[in-house]
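2 protein chains.
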Amino acid sequence: MGGDHGPRAILPGLETLLGKRSDLTFLLYGDRETVEGAIADLPRLKAASTIHHTEVAVAMDEKPSQALRSGRYKSSMWQAIESTKTRESDVAVSAGNTGALMAMATFCLRTMANIDRPAIGAIWPTVKGEAIVLDVGATIGADAVQLVDFAILGAAMARALFDKDCPTVGLLNVGTEDIKGQEEVKEAARILRERRMPTLRYRGFVEGTDIGQGVTDVVVSEGFAGNIALKTAEGTAKQLGGYLRDAMQSSLRSRIGYLFARDAFRKLRERMDPARANGGVFLGLNGLVVKSHGGANAEAFAAAVSLAADLAKGDLQHRIRDDLDKFHADRIPAPGSEEDSTQTDGFVRGDSAETGQSGQKT
Amino acid sequence: MGGDHGPRAILPGLETLLGKRSDLTFLLYGDRETVEGAIADLPRLKAASTIHHTEVAVAMDEKPSQALRSGRYKSSMWQAIESTKTRESDVAVSAGNTGALMAMATFCLRTMANIDRPAIGAIWPTVKGEAIVLDVGATIGADAVQLVDFAILGAAMARALFDKDCPTVGLLNVGTEDIKGQEEVKEAARILRERRMPTLRYRGFVEGTDIGQGVTDVVVSEGFAGNIALKTAEGTAKQLGGYLRDAMQSSLRSRIGYLFARDAFRKLRERMDPARANGGVFLGLNGLVVKSHGGANAEAFAAAVSLAADLAKGDLQHRIRDDLDKFHADRIPAPGSEEDSTQTDGFVRGDSAETGQSGQKT
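For the record, the sequence lines run as chains R and E.
Take 2 as the starting number for the first sequence in my numbering and just add one per residue.
Take 2 as the starting number for the second sequence in my numbering and just add one per residue.
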């Protein structure tokens with residue numbers, strides 16, 4: 002029921018996707034009459050889906066707390082999320098209210114053991130292919146251990162999607178020298194350097210310029226800076242797309258040039274199309290939830306669902322659970338870590354590498 | 002002496018600039034022999050400049066603390082900065098080591114009264130013209146009052162450059178709703194809303210996507226997120242420029258199209274050229290210092306010097322001093338503000354608007 006276009010974009014998107022991926026089946030949560038009306042002339046989808054009627058739909062502008070009050074248990078959003086908990090579905094996808102979706106997902110599914118806070122992972126198109134950037138806005142601020150958790154979550158997502166055994170990980174920072182940056186980031190770097198994990202390769206600090214160059218497969222940041230990076234990249238792409246359009250329309254010669262190079266421009270547009278990379282993945286919860294852009298059209302929504310299906314097939318949730326168990330089993334509680342609530346002191350001070358507890362799997 | 006290309010880029014840049022701006026004169030700090038050699042065939046610059054020999058040049062990879070130890074008082078960098086303090090020059094420009102430049106500038110010039118920390122302001126090309134984004138990396142983290150100070154600094158810079166009496170200001174955040182974001186940002190918003198300053202118009206939160214759309218003339222952020230936004234935009238522009246080149250070379254037809262639209266592509270390249278917006282402005286110090294990109298070629302360095310000259314002519318330093326005095330004269334010390342060191346409580350709790358102390362100038 003969510004998103005700017007509701008079932009009118011979502012359902013045709015699924016119909017098209019079924020043309021390419023006929024193995025998918027859908028549980029559709031929403032107002033039965035609306036859904037049945039929209040699905041009538043979509044034969045593939047009709048055959049591949051079950052409609053679950055819900056009375057309540059979360060509005061796009063509802064505050065998360067309000068959505069939880071009015072929509073818990075009975076809204077289409079809640080029931081879709083819950084279907085991943087009960088294993089009726091492998092993954093839930095919504096184009097609805099992001100804040101409400103995160104609040105409901107956290108409330109319904111809870112964070113995994115050893116995870117304090119969930120993260121949102123985004124696919125970032127790079128000159129080499131794709132990277133994963135997280136957190137792009139689930140929470141604001143993160144301490145060193147939370148950043149390390151994000152590295153583990155992001156690496157698991159990269160392994161599920163990119164077919165790489167040991168993806169590279171960078172920490173987003175304002176410089177690549179060791180001395181630069183926030184204390185939390187420096188401490189996370191120390192932990193990642195000293196704990197050699199078999200499921201990721203830590204490559205050091207990366208800057209904003211490095212993300213699109215594909216310097217690492219995974220880029221880790223706390224949610225405020227990560228969200229600003231993602232939105233700034235979107236804005237810059239939009240701005241430059243506008244410049245290009247202006248330039249191509251600026252003279253008769255440029256318009257003729259455009260006609261000649263039409264195919265090239267079409268391919269360029271596809272490469273720059275934000276719909277290609279639609280889908281924010283909620284990571285660290287006991288259930289898989291993917292958020293589509295609210296403004297997504299049918300094609301973009303299909304991209305988010307396709308991503309969701311890839312993650313489910315790549316067994317993301319099991320990978321994450323295994324990686325977290327392994328990491329935290331190796332973790333030696335720091336003396337006094339219960340009392341000490343400063344950002345960096347809750348974690349064992351880098352002696353695990355020396356005591357030979359890391360890297361058993363290599 | 003600084004930058005990747007040293008005097009070989011810097012001096013020809015000045016020569017070209019003098020062709021357009023014959024009113025400028027230069028004090029050149031560096032190794033006399035090197036500078037005299039490079040200036041020999043630059044007649045305009047030779048006539049318009051005085052060479053000051055210095056023995057020490059700060060290396061590009063020196064740590065700030067090390068640069069301060071070895072280069073204080075006697076390096077070209079220090080002496081150029083000092084010339085703004087002694088009023089021999091109106092503004093200092095360097096393509097050298099950013100960290101060293103900031104450390105030396107802060108040490109030599111000191112922050113202005115009522116300013117805790119300097120900021121670096123950057124010019125950001127937008128679809129409407131240009132915006133100023135600060136802080137892009139002088140310091141990491143900022144409390145609410147520091148963010149308000151940045152708003153004042155940025156607005157003064159916008160007035161000096163853009164010929165606007167009352168530039169618009171936005172706070173960079175992860176959403177535009179009041180409830181979103183870091184506590185410091187929310188508190189800064191409250192102060193900016195309640196204190197109606199005659200020198201700026203506060204417009205609310207802006208997101209990463211809004212910067213390039215020119216939603217406000219000034220975008221305020223703490224230095225970590227601001228630096229990440231700037232670098233991410235640079236990286237995205239580079240990435241898309243690469244995509245465009247690939248597309249235009251992808252087929253015979255696209256190459257023919259490129260030939261036809263050549264002029265349009267030239268204009269597009271100019272619009273996207275980072276050299277156009279070269280120059281980070283150190284704000285909040287008792288002297289004006291502009292940092293050029295280290296990798297700047299002659300043209301880009303000239304752009305930074307041209308910006309520096311515009312700021313000096315726009316009387317930036319006086320504007321800032323006046324605005325800060327006005328703002329802080331209106332500021333009522335909060336009860337217990339000395340004892341209370343939390344992020345938001347050191348500032349008067351928004352009663353200034355009610356007591357009629359703001360906006361006397363309107």
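Hints are supplied without guarantee of correctness; some may be wrong.
With a straight-line Cα cutoff of 30 Å, these simulated BS3-like cross-link-like pairs (lysine-lysine) come out [stated by the list, open to error]: (1) E/K181 / R/K75; (2) R/K181 / E/K181; (3) R/K239 / E/K187; (4) E/K64 / R/K187; (5) E/K327 / R/K239; (6) R/K268 / E/K327; (7) R/K129 / E/K327; (8) R/K187 / E/K181; (9) R/K181 / E/K187; (10) E/K181 / R/K86; (11) E/K86 / R/K239; (12) E/K268 / R/K268; (13) R/K239 / E/K64; (14) E/K129 / R/K181; (15) E/K86 / R/K181; (16) R/K181 / E/K75; (17) R/K268 / E/K129; (18) E/K181 / R/K64; (19) E/K239 / R/K129; (20) E/K239 / R/K187; (21) R/K129 / R/K165; (22) E/K327 / E/K165; (23) E/K187 / R/K64; (24) E/K187 / R/K187.
Coverage of chain E stretches by chain R, computed from C-beta distances (three or more under 8 Å per stretch; other residues unrestricted) [unchecked claim]: (25) 134-147; (26) 180-194.
If you are wondering where the hints come from, they were derived from the structure by calculation, not from laboratory data.
Don't be surprised by glycine CBs; every beta carbon is placed ideally from N, CA and C.
Do the alpha carbons of E/K187 and R/K64 lie within 30 Å of each other, as the hint requires?
-> Holds. E/K187 to R/K64 sits at ~17 Å (cutoff 30 Å).
Given the proposed pairing of R/K239 with E/K187, does the C-alpha separation stay at or below 30 Å?
-> 28 Å, holds
Within 30 Å, alpha carbon to alpha carbon, are R/K181 and E/K187?
-> Status holds; Cα separation ~27 Å.
Between E/K327 and E/K165, is the straight-line Cα distance small enough, at 30 Å or below?
-> 19 Å, holds
Sort out whether R/K165 lies within 30 Å of R/K129, counting only the CA atoms.
-> 14 Å, holds
If you draw a straight line from the CA of E/K239 to the CA of R/K187, is it 30 Å or shorter?
-> 28 Å, holds
Do at least three Cβ atoms from the region 180-194 of chain E come closer than 8 Å to Cβ atoms of chain R?
-> That given contact holds, which follows from 3 residues of the region 180-194 of chain E lying within Cβ reach (below 8 Å) of chain R.
30 Å limit on alpha-carbon distance, applied to hinted pair E/K181 and R/K86 | 29 Å, holds
Hinted pair R/K181 and E/K75, Cα distance within 30 Å = 26 Å, holds
Could you grab the alpha-carbon distance between E/K86 and R/K181 and see if it respects the 30 Å cut-off?
-> The given pair, whose Cα atoms are some 29 Å apart, holds under the 30 Å limit.
Agreement of R/K181 and E/K181 with the hint, judged by alpha carbon distance not exceeding 30 Å | 28 Å, holds
Regarding the pair R/K268 and E/K327, is the alpha-carbon distance no greater than 30 Å?
-> Distance ~55 Å between R/K268 and E/K327 Cα, so the pair is violated.
When held up to the earlier numbered hints, the structure conflicts with 5, 6, 7, 11, 13, 14 and fits the remainder.
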